[in-house]
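Read top to bottom, the protein sequences are chains A and B. In terms of my numbering, the first sequence opens at residue 27 and continues consecutively. In terms of my numbering, the second sequence opens at residue 323 and continues consecutively.
There's no promise every hint is true.
[Claimed, not checked] In silico contact screen, one side only, chain B against chain A (beta carbon under 10 Å); selected entries: (1) Leu461; (2) Ala464; (3) Ser492.
[Claimed, not checked] Result set (EDC-like, lysine to aspartate or glutamate): computed pairs, CA atoms no more than 20 Å apart in a straight line: (4) A/Lys101 / B/Glu444; (5) A/Lys48 / A/Asp105; (6) A/Lys48 / A/Asp38; (7) A/Lys101 / A/Asp62; (8) A/Lys110 / B/Glu444; (9) A/Lys98 / B/Asp397.
[Unchecked claim] The calculated label-pair distances, taken between Cβ atoms and stated as ranges, are: (10) B/Val326 / A/Arg91: 41 to 47 Å; (11) A/Asp56 / B/Asp469: 39 to 45 Å; (12) B/Val427 / A/Ala73: 41 to 47 Å; (13) B/Leu441 / A/Arg32: 53 to 59 Å; (14) B/Phe394 / A/Glu45: 53 to 59 Å; (15) B/Pro447 / A/Arg30: 21 to 27 Å; (16) B/Pro415 / A/Asp62: 33 to 39 Å; (17) B/Ile328 / A/Arg32: 26 to 32 Å; (18) B/Leu418 / A/Gly78: 43 to 49 Å; (19) B/Lys325 / A/Ala73: 41 to 47 Å; (20) A/Ala41 / B/Val427: 48 to 54 Å.
No wet-lab data here; the hints were simulated from the structure. By construction, the Cβ of each residue, glycine as well, lies at the ideal position given by its N, Cα and C atoms.
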Amino acid sequence: MKYRSRLSIIHDILASLYEGPKRVSHLARDANLPVDRLNRILEALEADGMVGRDGPLIYMTERGRDAFLEIKRVKRILDRLGIK
Amino acid sequence: MIKVLIFASLNVLASTLSIYIAITLLRGYLLSGQRSLIPLASGFLLYGVLCLAAIAVMVGNPTRRAFIHTRFLLDWLRPIAYALILAAYLGWPAPLLVVLLPNGVSAGLLGITGVLAFLRIEGWPWRILTPLGFWIIALGHALEATDPTAFAYAELLRSAGLITIAVAVSAQAK
C-alpha cells in the first residue's frame, strides 16, 4: 500500500467535500480512510473551522475552501519536487 | 556593468521564488500539521535569504573585510540550506555530509538528488525541469571546487538552477 502523508489525507478529505456535503461513510470511502481515523481528523478540521456538521452531513466552510486551495498548491509543489 | 545587472536580477528572482515556495510550504504545515514540511520550508527560506546576501557580495562593492565575512557566511550557511532540502530526498543524516565536506561533495549529493527527483516525479515537463535545476546547482559547486576564483560564475549557475526548480514547482499547470 502506498504511504500517504497527512497533507495528502487532508487534501483528499477536503477535495471530496469541495464537491458538496457528505455523510461520514461516503467521505471515508472517498478519502480511503477507516471511519475512526477519519473522525479524529474531522474533529481537528472542525476545531480549525475548516468543516462543519449539519445533522449527519459534513460540509466545508469558507475557511475550509481557502485552505483546500492552499493545500492543493502545496501538494503541487511537493509533487513537482518529487516529495510525497 | 551588464554582467552585474544580470547577476543581480537572477539572484533577486531566485530569492523571491525561493521565499515564495518556503512561505507556501509553511502555510501547508500550519494547515495540515505535517511536520516534515518544516525543514524543507526552512531550507528554501534560508536559500532565498542567502541569494540576497550573494548580491551584496557581488554588487554592493563591500570592503574586503565585509566581503570575506559574507563569503564565509555563504560558504557555511548555504550547505545547511541544502542539507535541509536534501533531507526530504535522502533522509537524515546523509545531507549532513554537505555541511561537513567541501564543494565537490555538495556537487555529488545534488547530482544524486537530481536523479532521485527524476525517478520520483511524474508528468512532464516537471520530470526533467526539477532534476535539471539540481544538476545546474551541482555544476556550480563542481566549478567552484575545481576553480575557487570562479565564485561569480558558480553563483550564476546556482541561481539559474534554483530558478529552474522554482519555476518548475510554482508554474501553473494547464
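Are any of the numbered hints broken by this structure? If so, which, sorted upward? 1, 2, 5, 7, 9, 11, 13, 17, 19, 20
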